[in-house]
Amino acid sequence: MRALEDAGMTWGDIDAVVLGKAPDLFEGVMKPELYLTDALGGGTGPARVHTAGSVGGSTTSSPASCRRASTSGSSPSPSRSSPRARPCGRCRCRCRSPPPLVAKVRAVSSPPHPGVHAPLGAPPHISCLVALKDRQNALKNPYAHLHEHDVTFEKIEESMMPGDPIRYSETPVVGRRATGHLRNEAGGDANRNAAWILGTAMREPTRCSPAVTSEPLAGQQCADDVFAQAGTRPAAEIDVAEITCRSRGTSPMARRTWARAEGEAGSSPRRVTAMDGDLPGQPVRRRALHQPISASGTALRGVGDTGAGPGRRAPDRRRTRLWIRAYGGGSQFFAMWVVSATKPA
Amino acid sequence: MSPIDLEQIPALADVEPVKSTKTPLRLDYEYTAGAASSRFLRAVKEKKLRGQRCPKCGKVYLPPRGACPTDGVPTTDEVELPHTGTVTTFCVVNVPFHGQQMEIPYVSANVLVDGADLPLFGLIQEMPAHDVRMGLRVEAVWKDDDELETSLENIKWWRPTGEPDADPSTYEGQM
Amino acid sequence: MRDVAIVAFAQSKHERRIEGYNEIEMMMPVVGELWERTGLSADTVGFTCSGSTDFLAGQAFSFVTILDAIGPWPPISESHVEMDGAWALYEAWVKLQMGEIDTALVYSYGKSSPGDLPKVLTTQLEPYSVAPLWPDAISVAGLQARALLDSGRATEADLAGVAVRNRAHAKDNPKAQLAGDYTVEEILAEPYLANPLRKHDCPPITDGAAAVILAAGDVARELNDRPAWIRGIDHRVEAHALGARDLTRSASTRLAGEKAGVGDAPVDFAELHAPFTHQELIVAEALGLGDDVTVNPSGGPLAANPVMAAGLIRLGEAAERLSRGEGDRAVAHATSGPCLQQNLVCVLEGEG
Numbered sequence: 001m002r003a004l005e006d007a008g009m010t011w012g013d014i015d016a017v018v019l020g021k022a023p024d025l026f027e028g029v030m031k032p033e034l035y036l037t038d039a040l041g042g043g044t045g046p047a048r049v050h051t052a053g054s055v056g057g058s059t060t061s062s063p064a065s066c067r068r069a070s071t072s073g074s075s076p077s078p079s080r081s082s083p084r085a086r087p088c089g090r091c092r093c094r095c096r097s098p099p100p101l102v103a104k105v106r107a108v109s110s111p112p113h114p115g116v117h118a119p120l121g122a123p124p125h126i127s128c129l130v131a132l133k134d135r136q137n138a139l140k141n142p143y144a145h146l147h148e149h150d151v152t153f154e155k156i157e158e159s160m161m162p163g164d165p166i167r168y169s170e171t172p173v174v175g176r177r178a179t180g181h182l183r184n185e186a187g188g189d190a191n192r193n194a195a196w197i198l199g200t201a202m203r204e205p206t207r208c209s210p211a212v213t214s215e216p217l218a219g220q221q222c223a224d225d226v227f228a229q230a231g232t233r234p235a236a237e238i239d240v241a242e243i244t245c246r247s248r249g250t251s252p253m254a255r256r257t258w259a260r261a262e263g264e265a266g267s268s269p270r271r272v273t274a275m276d277g278d279l280p281g282q283p284v285r286r287r288a289l290h291q292p293i294s295a296s297g298t299a300l301r302g303v304g305d306t307g308a309g310p311g312r313r314a315p316d317r318r319r320t321r322l323w324i325r326a327y328g329g330g331s332q333f334f335a336m337w338v339v340s341a342t343k344p345a
Numbered sequence: 001m002s003p004i005d006l007e008q009i010p011a012l013a014d015v016e017p018v019k020s021t022k023t024p025l026r027l028d029y030e031y032t033a034g035a036a037s038s039r040f041l042r043a044v045k046e047k048k049l050r051g052q053r054c055p056k057c058g059k060v061y062l063p064p065r066g067a068c069p070t071d072g073v074p075t076t077d078e079v080e081l082p083h084t085g086t087v088t089t090f091c092v093v094n095v096p097f098h099g100q101q102m103e104i105p106y107v108s109a110n111v112l113v114d115g116a117d118l119p120l121f122g123l124i125q126e127m128p129a130h131d132v133r134m135g136l137r138v139e140a141v142w143k144d145d146d147e148l149e150t151s152l153e154n155i156k157w158w159r160p161t162g163e164p165d166a167d168p169s170t171y172e173g174q175m
Numbered sequence: 001m002r003d004v005a006i007v008a009f010a011q012s013k014h015e016r017r018i019e020g021y022n023e024i025e026m027m028m029p030v031v032g033e034l035w036e037r038t039g040l041s042a043d044t045v046g047f048t049c050s051g052s053t054d055f056l057a058g059q060a061f062s063f064v065t066i067l068d069a070i071g072p073w074p075p076i077s078e079s080h081v082e083m084d085g086a087w088a089l090y091e092a093w094v095k096l097q098m099g100e101i102d103t104a105l106v107y108s109y110g111k112s113s114p115g116d117l118p119k120v121l122t123t124q125l126e127p128y129s130v131a132p133l134w135p136d137a138i139s140v141a142g143l144q145a146r147a148l149l150d151s152g153r154a155t156e157a158d159l160a161g162v163a164v165r166n167r168a169h170a171k172d173n174p175k176a177q178l179a180g181d182y183t184v185e186e187i188l189a190e191p192y193l194a195n196p197l198r199k200h201d202c203p204p205i206t207d208g209a210a211a212v213i214l215a216a217g218d219v220a221r222e223l224n225d226r227p228a229w230i231r232g233i234d235h236r237v238e239a240h241a242l243g244a245r246d247l248t249r250s251a252s253t254r255l256a257g258e259k260a261g262v263g264d265a266p267v268d269f270a271e272l273h274a275p276f277t278h279q280e281l282i283v284a285e286a287l288g289l290g291d292d293v294t295v296n297p298s299g300g301p302l303a304a305n306p307v308m309a310a311g312l313i314r315l316g317e318a319a320e321r322l323s324r325g326e327g328d329r330a331v332a333h334a335t336s337g338p339c340l341q342q343n344l345v346c347v348l349e350g351e352g
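Protein chains in written order, with this note's numbering: chain B, 1 to 345; chain C, 1 to 175; chain L, 1 to 352.
In short, the hints are calculated from the structure, not lab data.
Be careful, since some hints might not be right.
Cross-link-like lysine-lysine pairs, in silico, BS3-like; alpha carbons within 30 Å at most [unchecked claim]:
no.: 1; chain 1: L; residue 1: K171; chain 2: L; residue 2: K199
no.: 2; chain 1: B; residue 1: K140; chain 2: C; residue 2: K19
no.: 3; chain 1: C; residue 1: K143; chain 2: C; residue 2: K56
no.: 4; chain 1: C; residue 1: K47; chain 2: C; residue 2: K59
no.: 5; chain 1: C; residue 1: K156; chain 2: C; residue 2: K22
no.: 6; chain 1: L; residue 1: K119; chain 2: C; residue 2: K19
no.: 7; chain 1: C; residue 1: K56; chain 2: L; residue 2: K13
no.: 8; chain 1: L; residue 1: K119; chain 2: C; residue 2: K22
no.: 9; chain 1: C; residue 1: K47; chain 2: C; residue 2: K143
Here are the simulated distance ranges between beta carbons [stated by the list, open to error]:
no.: 10; chain 1: L; residue 1: E186; chain 2: C; residue 2: I4; range: 52 to 62 Å
no.: 11; chain 1: C; residue 1: R42; chain 2: L; residue 2: D136; range: 34 to 44 Å
no.: 12; chain 1: C; residue 1: K48; chain 2: L; residue 2: R37; range: 32 to 42 Å
no.: 13; chain 1: L; residue 1: W134; chain 2: C; residue 2: P105; range: 36 to 46 Å
no.: 14; chain 1: C; residue 1: E7; chain 2: L; residue 2: R17; range: 32 to 42 Å
no.: 15; chain 1: L; residue 1: E36; chain 2: C; residue 2: E153; range: 36 to 46 Å
no.: 16; chain 1: C; residue 1: P82; chain 2: L; residue 2: P174; range: 38 to 48 Å
no.: 17; chain 1: L; residue 1: P74; chain 2: C; residue 2: H130; range: 52 to 62 Å
no.: 18; chain 1: C; residue 1: I4; chain 2: B; residue 2: T342; range: 47 to 57 Å
no.: 19; chain 1: L; residue 1: P174; chain 2: C; residue 2: V15; range: 51 to 61 Å
no.: 20; chain 1: L; residue 1: G20; chain 2: B; residue 2: E154; range: 17 to 27 Å
Glycine included, every Cβ here is placed at the ideal spot set by N, Cα and C.
For reference, chain B alone in the conformation it holds in the complex:
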């Protein structure tokens, strides 16, 4: 309801609902959109509810597709509904399900990290730096799960490593839900704080891609695609980034994707994603602070960020263009957006 209120709309204005969620086994409910239907548009009669890809970025791509289909002159639906939609993500419970018939090793871990860092030439304390920056940025976000006002580099460095080299302070927490709206000019006063979609892209590679883990080809291609659609050069025109990283170690990887899209040779990670950096990251929400499994809402938070006026959800300055990056699997699936506070010509 907060999302509807934010958009100045009611259920009667909504044509379609798109739900992003974790895989059913994480939810503990098969096809949870069925029982959630009663909370999504109740009273408006039969509705269109659609679960989209398990990563929030692709969830939101679906209605985004509608928007662009509309602006290109074709109606996305025989019902001629205006393509306004409401993506939302949720997470209820976790479920343990070992994959069948593969290595039945009774152990849990996150092995890829040394493999990610070594080729990047990242310093050993890079994850601590990223965690510190995100925790600090999150203090400006009233909806963040974690507000650690006394966080310091030393505290993060001292935090226990459940699986070396990952510290507790560098891991995500499980959050509750995030909702957001998409709409186009058909939405009346929709220009109010609207985030205009300049591009959306998704890429999924084979699960044993020959690419170097620290620089996945799927991420590169996805970035190339979304920046081409947006007609933008990242460093010149992107003001802020909202990046899904399950643990702080993969943030340098995202930064690297961006650098490559920009045409840089691939510098070592710099302090660019702090609020005063070249590319302020996660001004309102960070996966490490609030993580509905399935990244649902990374994109949506970003949209809220772009649309927000000065002081509203507390970004330091009015953002004009935003790059959003979500991923799933072992840095496998990628979904990206570019959105803008100003309506494209």
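Add chains C and L to chain B, keeping to what the hints say.
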């Protein structure tokens, strides 16, 4: 529309929240290994590591799942692989996880078996956890012959061979 | 609206239990058949979307490993819905409407044999007050059948008649799991499974897979001499609580059918994803299909019901029949949830 504020609804005021209910959910599954995995698991019972090669790209998959994940075609040729490999990346586990029977700390790792193009997940033992590193050469430690089953648990863990570390170029992109 | 058509369809031979192959091995030949027939490949198709559920596989993120059957390298533009493949097709159709791509692969699979399907389906019920009581899928459908019989709009003989017709139609479907000649009297002489439903009123438990290629405009005409054009497609959902809606009617099917334009012109045949006999009567009525419309010439889900793929198969079967010239205008329907809670309706035409 006026905002919905649940706290302002009298009937909902002063309710002591039910913070959890238990609804046990138990579902049993009997998996089908499939043709390729069956071949693999039968070989593992004989203490053999048998991968399958993609006829299109030539990559060798261990364990095979029936399809080349890069080309989407059946893997047709069987390849017998040695019991040695290289640690491509690893993690030192310091906290107990549900169902785990290992002593802490222990090391889990991706091991690229010599001749394979896809690393296997496994444990590293018989050396101090802090000495495990990328490029470490390891060999499989199998269960006793009378305990062998059609399961990858037949490999108890991997231990160092004492060889010099592998050159990073030999396992690049296999993390 | 851009002209988009189903240009190719393939499905596995449906069986109660496919023991020799895992899901990847079950899916791979089906997709391979479509690559073969269209000349497309994972590299050249514009978008890929799949439909499946973790609860059948008993494994989280199960859909990720199935991508091995496609071979997504270099990386592909891909998505997944945890819904029947018919909804994956809808998502691909939206992408095609955007105009950025000309072709899409849609696939879905359901291997029900590893688990206990009627019990697995219980987990799609409301998790706080209904699912913990463990009503199984057949009993839930029985509630709906009883309500329909008590409304006086159908008899047990009508239900048996649906079973007889579908099993007879399935004799011409080489992929069907159940087919044969029965009489209404024979079926009515059988015991109840969950009163008022008998075994023949219920779908079989099936392992199977299906895939479809969608294409737009001239590309569709290149790939198929007689593409099955999607003239309208819409999906709607209604309340979940079984007591909150009239179980003897399907309001969501009716609305989706109106939006898709079912009634705008005569319908030659329909492929309805109504797993239970009484549900076929409810869906046909909601769509306004007259007695002159052939329903489920393939035998429908009563002949083979791979959960998560059975809806997509309805669209594929209808399209293939149109492409063969056995009719000019067809309706395909897919359902999800208990007692026809969510429904998708698609109008296909063989001309144009």
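Going down the list of hints, with the structure as the test:
| no. | hint | verdict |
| --- | --- | --- |
| 1 | L:K171 with L:K199 | 19 Å, holds |
| 2 | B:K140 with C:K19 | 29 Å, holds |
| 3 | C:K143 with C:K56 | 35 Å, violated |
| 4 | C:K47 with C:K59 | 22 Å, holds |
| 5 | C:K156 with C:K22 | 36 Å, violated |
| 6 | L:K119 with C:K19 | 27 Å, holds |
| 7 | C:K56 with L:K13 | 27 Å, holds |
| 8 | L:K119 with C:K22 | 18 Å, holds |
| 9 | C:K47 with C:K143 | 9 Å, holds |
| 10 | L:E186 with C:I4: 52 to 62 Å | 57 Å, holds |
| 11 | C:R42 with L:D136: 34 to 44 Å | 37 Å, holds |
| 12 | C:K48 with L:R37: 32 to 42 Å | 39 Å, holds |
| 13 | L:W134 with C:P105: 36 to 46 Å | 42 Å, holds |
| 14 | C:E7 with L:R17: 32 to 42 Å | 53 Å, violated |
| 15 | L:E36 with C:E153: 36 to 46 Å | 40 Å, holds |
| 16 | C:P82 with L:P174: 38 to 48 Å | 46 Å, holds |
| 17 | L:P74 with C:H130: 52 to 62 Å | 39 Å, violated |
| 18 | C:I4 with B:T342: 47 to 57 Å | 32 Å, violated |
| 19 | L:P174 with C:V15: 51 to 61 Å | 60 Å, holds |
| 20 | L:G20 with B:E154: 17 to 27 Å | 58 Å, violated |
Checked against the numbered hints given earlier, the structure breaks hints 3, 5, 14, 17, 18 and 20 and satisfies all the rest.
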